[in-house]
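Visitor: Chain order of the listed sequences is A and B. When the letters of the first sequence are read in order and numbered with numbering that gives the first Met the number 0, they come out as residues 0 to 278. When the letters of the second sequence are read in order and numbered with numbering that gives the first Met the number 0, they come out as residues 0 to 347.
Treat the hints with caution; some may be incorrect.
[Stated by the list, open to error] In silico PhoX-like links for lysine-lysine, alpha-carbon gap of 20 Å or less:
| # | chain 1 | residue 1 | chain 2 | residue 2 |
| --- | --- | --- | --- | --- |
| 1 | B | Lys143 | B | Lys153 |
| 2 | A | Lys29 | B | Lys153 |
| 3 | A | Lys29 | B | Lys323 |
| 4 | B | Lys98 | B | Lys153 |
Bear in mind the hints are in silico, worked out from the structure with no lab data behind them. All figures in this text were calculated on a predicted structure; none of them were measured in a lab.
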Amino acid sequence: MIDRHWIWIAAACYLVGVVIGTIALVRHRKQPAATIYVIVAGGFVSQTVGLYLRGLAVGGCPLGNTFELFQFTAWSATALYLVVGLTFRLSLLGYFTSLLSVVLTTVSLAIPAWDATRRVNVFGGNVWIEFHAALALFSYGVFALLALTSIMFLLRNYSLKHKRLSGAFTFLPAIRDLDHISVRLLTVGVSLLSASLLVGAAHWIRALDTVDLPKLLVTVTIWIAYGAAFFLRRRGKLYGTKLSWVCIVLFGAALLSVYPVDSSRHGGDEAPASSFSQP
Amino acid sequence: MSASDPTLFVVGATHHTAPLEWRERLALTPEKMPEFQSRLAALPGLQEFAVLNTCNRLEIYGVADEESTLDTLRTALCEHQDIEVDAFRSLEMRELDAKAIYHLTSVSAGLESQLIGENEIFGQVKDAYAEAQDVRSVGPVLHKVFQKAFQAAKHVRTHTAIAEGQVSVANVAVDLATTIFGSLADARVLLAGAGEIGEQAAKAFRSRGANDLTVTSRTMEKAMSLAASLDARALPFEKLGRRLADFDIIVCATAAPGSILSGPALATAMARRPAAPLFLIDLALPRDIDPAAGDLDNVYLYNLDDLARISEENRAARVAEIEKARDMITEKSTYLWESLKRRPGNES
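Pulled out of the complex, with its shape left as it was, chain B reads as follows (with noise of 0.2 Å):
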């Protein structure tokens, strides 16, 4: 492609250029996308193209005759979406041939995203060039830099650390807990108290594999409409310390006032398992679990600042390796580039 040639763009706005009450004006629903395609389907100059709507951004890519058309783009965007141009425009983001490549590869890999290195963003992005296909708007260009985006976003993930480590909390813990039992399939977990961050421990724990769940709360109701939602089994809570030893992980989430496992009843419960380990995750605030049962042979107990911690040094490492990663972007975004200038007819 050279300067007469068309040009590869993206155009958009994303969390980086536009709050998030102008995302959620520029948001396209399912109904409103295929209108919005075809809007552009018909939109003169514009040869190609594939939109990326994802809660954090809005990004056309496209091959365009030349640059003009790109305003034309804007104008028929903030029409479909009802916003005013010129407010638009200070949002927008927009990126030409090889940064428009870098782009799309950076998105990719996840480096553009909130939470660095996180990997929805990698099939949102196959979906959009899915959905693209589907409807017959990419072409031989944006079929190329797409499939070659996807292979340097994985090379990228492969062979830096920004995916590496867990950053929610939750995750964190089932992060640990593979630490400690490997597999979670046999593990038998115990989530104590109905919140919404034990729910989501729980749900974290069930994505990795731990098939045994069970739900207990001060409220017996509670844990069974928990406990349902979940698929897992609801145990009175005064039931709790004599059931103790049956448990291999032990989330504690309530709000409670006090400890509501102490140092001795966690020892009781050891010495009839003393050979397995008992992994005891205190999310709760004021803590649920007695900190002396953490000198206990064979337990490993961590609080919400525990986690809190390792989630802050996973996201410090995803961070020190973006310049690694952008340094491979670039490399490969440039010599698609390229590539792309010497296909037959673009000879400049």
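If we strip away everything but chain A, and leave its shape as in the complex, we get (with noise of 0.2 Å):
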């Protein structure tokens, strides 16, 4: 099997996912917790195995084009989940996470344009900036994770401020404890975002010809938008359904960003992508 077939797998896992907590939702029945959960690793661990294959083949970090890219993020977000979920058991986190997951993997396999080509030598052989760019889609993954966390919270606020707690309702974690997880993981996105920057910004002091910059603006942007948005909740300035709508805004604002910003960079060469896969 060649990598996308094991991506093909993975997207199935996370669409079953999906499946069986809407049947559950749909019934008012509890969510099977455990079931999705091992449902999403197995994806997760589809998904590994199909990023792993594409990494051999181009002898690095798979993320040389937006297809790549996607299936990074989507990566990143589960496998935060894989340790988030077991940690604080959020009902319906694993839901959402199979959809989140299912959209990205899917989209990106769908699109057959976002991998036709990839760069080759995108990092220049750099260990330092494939570092920082894994760094910085990881983070992606956890702001991605983030914005679901921000979308049970304003569903929980809104079934608490209309008196609506019956049917699906029923099954969203606590309200504070949705803030908690949201909090935590502002904390530990921005973290690594800005680890991200700063191994970025000492290779590109050095270099400063290699800076694409659209993508140092944009990323950049995003990177004050989120450590805003972190220091304001710090302060108590920005909380409840005020930073669960600008998590959720930042969220979609970066994931739009992506194909825009990879389309724009010009290190490394094009190729076909197809000359990569490798069973």
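Assemble the dimeric complex from its two separately framed chains, guided by the hints.
Guide: Here it is as structure tokens:
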């Protein structure tokens, strides 16, 4: 099997998680959290194999085109869920993670242009730049999970404010627990992105001509935006529903910026991605 | 068990068949119980028995040589409780064989309770069985019937929604608090008003793990008295406005003629703790809390009508599950009855 086959299997696993979760929601039954966790873990393993094969083929971290960026983001969010879900046991988080992962993996699989070509030698053989890129993408995975907990916060807030507590709302976690986990995810995401920028900056300072200006501007803007959200939350100025909306909008913006930023990059040479697919 | 075999039965009176004044007359006090058990043990033809005695039912489960033994048992019960047999006959509930098993399971699962799905009855049935074991009045048939009934009742409670959702206003409020705070262990709860409904709510919070309770009342003596009984702190009513920001949950149940917590006062309190949610429960009539407070960010305000509506929804959801639960119990009690009939020595 080639790498994309493994990723299709991962997408199928995530879809099964969504279907099982939706059936439970429609029937007003408690989410089969353990089952969904195992299915998502299965999808994660399959996606890991797929990305590993791609990584072997390209001789580094597979971050050479939009398809790979989306896959890496979904993989990061899922990896984090597998840790967070086990620790915090947030009801419905597995369902929402399955939903996000199935969308990210399927959309990127379904758009052939995103994986038609990929840049080779995109990091110029510099492991620190590769590390910088992997950290940045992992922080996007954290922000993806943060967007999910923010959506859950808004739903729980809506249910409490409008006194609609039956049906699917029954299974949402407590609003204070959602706030706590969101703040932790925001802290982790901002820390990872900051570390990523520090690592990147150490290289850029020495080789300014290699800097992709659009990419740098977008990344720094996102970092500043998330950093501001973090700072304002710490100061008690941004919280609750407003913070949730900010986290959702920022992640949407970060995701939407992936394709144009990736297209504008001038590092590395283009090559057909199929030549890298490895059984 | 065949037609000529011993009869499995339940005899008694419940809130479905007997009004309160009759149930009072039928109730066996702890002092009367041993004497009644001795009387049953000496009853000719009664092989096994267990007595379930709660405020809503007096039921005697047993195995008798023949059905006529039940008439003797009825007479013994009426004599013991000083009740006319004819009067009792009109109140009597009597089920035999598979229907007796069905009834025991149904009672254990909370389907026969006044508050459908309530959990307390399960413990009461277990206690009745344990007591019967202590006096050695249960034999192989009742052992099996009770144990299987417990299993079936647990299955029904797990696989249907008859026990889901709280139905008392105080417990609905506590359930809501858990949807806001998760664990209540570190939630700071303030009770304003030392009346009965507030006390019930405070006890419900305490029973669900709230450790930090404070009581305030317009009459400080009442606040101190209630605080002592709840192992809580008392707060002078005059300090309430200044201390609002110190609490996560505020239960208001005073008899004050107007609101005691204004929107601006709560807004000021929230400014000191903007990111922390505040749950306001207004159990008073007229209302104690300005309804405008519900519009504040991170403030969740519920009044008596809101809680009553949720309670009614939960009750309706439980009732909607009864049919499903009854089907499960019928299937399991029929299966148990068939297996009892197949027991060695019971071949017809």
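Visitor: Against this structure, judge whether each hint is valid.
Guide: Hint check results:
1. Using a Cα cut-off of 20 Å, the hinted pair Lys143 (chain B) and Lys153 (chain B) holds, with the two alpha carbons roughly 15 Å apart.
2. Between the alpha carbons of Lys29 (chain A) and Lys153 (chain B) the distance comes to roughly 17 Å, so the proposed pair stays at or under 20 Å and holds.
3. Simply put, Lys29 (chain A) and Lys323 (chain B) have alpha-carbon atoms about 17 Å apart, close enough for the 20 Å limit, and the pair holds.
4. A distance of roughly 19 Å separates the Cα atoms of Lys98 (chain B) and Lys153 (chain B); the hinted pair therefore holds under the 20 Å criterion.
Violated hints: none; the structure is consistent with every hint.
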